[in-house]
Structure formats: C-alpha cells, structure tokens
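Protein chains in written order, with my numbering: chain W, 1 to 114; chain Y, 115 to 227.
Everything labelled a hint here was simulated from the structure, so no lab data went into it. A hint or two may mislead.
Okay, the calculated beta carbon distance ranges per label pair [claimed, not checked]:
no.	chain 1	residue 1	chain 2	residue 2	range
1	Y	211	W	41	42 to 50 Å
2	Y	224	W	62	30 to 38 Å
3	W	102	Y	195	35 to 43 Å
4	W	112	Y	184	28 to 36 Å
5	W	102	Y	117	28 to 36 Å
6	W	16	Y	227	44 to 52 Å
7	Y	195	W	28	19 to 27 Å
8	Y	212	W	62	48 to 56 Å
9	Y	134	W	41	20 to 28 Å
10	Y	181	W	7	18 to 26 Å
11	W	59	Y	160	18 to 26 Å
12	W	61	Y	193	19 to 27 Å
13	Y	115	W	100	41 to 49 Å
14	W	61	Y	121	26 to 34 Å
Residues of chain W placed beyond 12 Å of chain Y at every Cβ, according to the derived structure [what the hints assert, rightly or not]:
no.	residue
15	28
16	37
17	40
18	43
19	54
20	59
21	67
22	73
23	106
Glycine included, every Cβ here is placed at the ideal spot set by N, Cα and C.
For reference, the chains in residue letters:
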Amino acid sequence: NAGVTQTPKFRVLKTGQSMTLLCAQDMNHEYMYWYRQDPGMGLRLIHYSVGEGTTAKGEVPDGYNVSRLKKQNFLLGLESAAPSQTSVYFCASRRGLANLVEQYFGPGTRLTVT
Amino acid sequence: GENVEQHPSTLSVQEGDSAVIKCTYSDSASNYFPWYKQELGKRPQLIIDIRSNVGEKKDQRIAVTLNKTAKHFSLHITETQPEDSAVYFCAALINRGYSTLTFGKGTMLLVSP
C-alpha cells in the first residue's frame, strides 16, 4: 500500500495563477483532510470530507476550494493564488469509525507564491 | 470550538535527559488525544495516543498522561536520544459526529549529544 500520496511535491506559482493539489489514498478511508502548515502556527484545517461527494469548511477555508468526486481522491484548488498562500500543504485520511480515529498524513506539498 | 495550547514552543535537553511537553484543551467533550512527531521536511507521524477513559499510556521510552479534570495532557520522553530531535504536536478530538482534530502549535525538541 502506498498510503497517502500527494502531487506535486513542490510548486512555484505567480500571484493570480491557479493550481490543483491532488491527494490520493489507497486505504479505503472515508474521511480526508487538507491542512496547511506555517512556521509557529501548527497544522490548520482548510477543508475536509467525510465521504464521496461531501465537503466541509475547516478553520481557514478562504481562497481554497475542494472536491471529492471519488472516495480515494481529494483535490484542493487555488483559483487565484496569493503570497499569503505560500505554505506546506498536508493531506490526511482516516477511517470513519469511532474506534479507528488515527489520521495518516501524506508527504506534503511545498507551495511558493511569488 | 476546541482550543489546544501547547508548551513550551522549544525545548533543549542533553542526551539521556527526560523531556516533557504539555498541552491543555478547552472542550471537556474531547476524548481522544494523539501526539505526532514531525522530523524536518517529513510528514507528521503518530507516535502515541490516549483516550479519555485512560489516565496513562506507555510505549517504551514515551508515555502520555491525561488529567481530564484539569483538561491537560502531557508527553514524556525518557532517556532522550539525538534522533528524538523533531517537532512534536499534540491534538484533541471530540469523537462524535464529524468532528476534526485540533492541533497545538508544536514544540521543537532539540537533543544535544
């Protein structure tokens, strides 16, 4: 099993450009999450999904959109990138059962917006 | 919503010493408390977790304690080694419905040989 994978690993964007980050998991997990990590700020939740076709806002959703068309994939979109979106983005997933709450993280995507 | 405070933000110890990182949470309904270790440039990885029906859990050199009354939990690392150097995050989860993990801001642990 590959676990949780993210594409791309690195990206540099100019202000105003758009891009999509892809998260894929092969563990048949119901729940998926997108976080951003900034120095001294910990991990902040952007959006999450509890199942195919459903998404919800997290703590810092502005400027991002998400889609979960397939259970194994969770896409994070930036429609018009801003320098404030320079960050490391982590995807995570877990089972949807109350007794299986461990979250597994992907390797991260380092995004720089100039 | 839940709020998790983590202290200290940095911690320097000598190899062989013990290290303690403390977290407090605000919502008494939180009932799952994981700790993640993140090495430089890597993903966060779960190292130990505890549920609210347990007061302490150990796994070799690491242990976590939970005080539900005071709403705080701590990570204890004994006999620290240079490879323990990393950023450690605590988190709390209200395990009902579609609730999400709330993370502390992290502690950078530096273990000097």
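Hints, one by one, checked against the model:
1. A hinted range of 42 to 50 Å for the beta carbons of residue 211 (chain Y) and residue 41 (chain W) is inconsistent with their spacing of about 26 Å.
2. The given range of 30 to 38 Å is respected by residue 224 (chain Y) and residue 62 (chain W), whose C-beta atoms sit roughly 35 Å from each other.
3. Between residue 102 (chain W) and residue 195 (chain Y), the C-beta spacing of about 25 Å breaks the proposed range 35 to 43 Å.
4. The supplied range of 28 to 36 Å is broken by residue 112 (chain W) and residue 184 (chain Y), whose beta-carbon atoms lie about 42 Å from each other.
5. At roughly 22 Å, the beta carbons of residue 102 (chain W) and residue 117 (chain Y) sit outside the given window of 28 to 36 Å.
6. A C-beta distance of roughly 48 Å is found between residue 16 (chain W) and residue 227 (chain Y), which places it inside the suggested range of 44 to 52 Å.
7. Distance hint for residue 195 (chain Y) and residue 28 (chain W): a CB-CB separation of about 36 Å, inconsistent with the stated range 19 to 27 Å.
8. Under the hint 48 to 56 Å, the C-beta atoms of residue 212 (chain Y) and residue 62 (chain W), about 21 Å apart, miss the expected range.
9. Take residue 134 (chain Y) and residue 41 (chain W): their Cβ atoms lie about 23 Å apart, and the range 20 to 28 Å holds.
10. Here the CB-CB span from residue 181 (chain Y) to residue 7 (chain W) is close to 42 Å, at odds with the stated 18 to 26 Å.
11. In this structure the hint that residue 59 (chain W) and residue 160 (chain Y) lie 18 to 26 Å apart at CB holds, the actual value being about 21 Å.
12. As the Cβ distance of residue 61 (chain W) to residue 193 (chain Y) is approximately 43 Å, the hint placing it in 19 to 27 Å is violated.
13. Hint check: residue 115 (chain Y) to residue 100 (chain W), Cβ distance near 23 Å, so the stated range 41 to 49 Å is violated.
14. Range check, residue 61 (chain W) to residue 121 (chain Y): Cβ separation about 28 Å, and the 26 to 34 Å hint holds.
15. Every C-beta of chain Y lies more than 12 Å from that of residue 28 (chain W), the closest at about 18 Å, which supports listing it as non-interface.
16. Not every beta carbon of chain Y lies more than 12 Å from that of residue 37 (chain W), the smallest distance being close to 9 Å; the non-interface claim is violated.
17. Consistency note on residue 40 (chain W): stated as away from chain Y, yet its beta-carbon is not over 12 Å from all of that chain's, at 6 Å minimum.
18. The Cβ of residue 43 (chain W) does not lie farther than 12 Å from every Cβ of chain Y; its closest approach is about 4 Å, which violates its non-interface assignment.
19. Listed as outside the interface, residue 54 (chain W) is inconsistent with that label: its C-beta sits roughly 9 Å from the nearest C-beta of chain Y, within the 12 Å cut-off.
20. Chain Y draws residue 59 (chain W) into its interface by the beta-carbon criterion, the shortest separation being 8 Å against a cut-off of 12 Å.
21. Even its closest Cβ contact with chain Y, about 18 Å, leaves residue 67 (chain W) beyond 12 Å, as expected for a residue assigned away from the interface.
22. Distance check on residue 73 (chain W): its Cβ is at least 18 Å (rounded) from any Cβ of chain Y, clearing the 12 Å threshold; non-interface status holds.
23. Not every CB of chain Y lies more than 12 Å from the CB of residue 106 (chain W), the least distance being 6 Å, so the non-interface label is violated.
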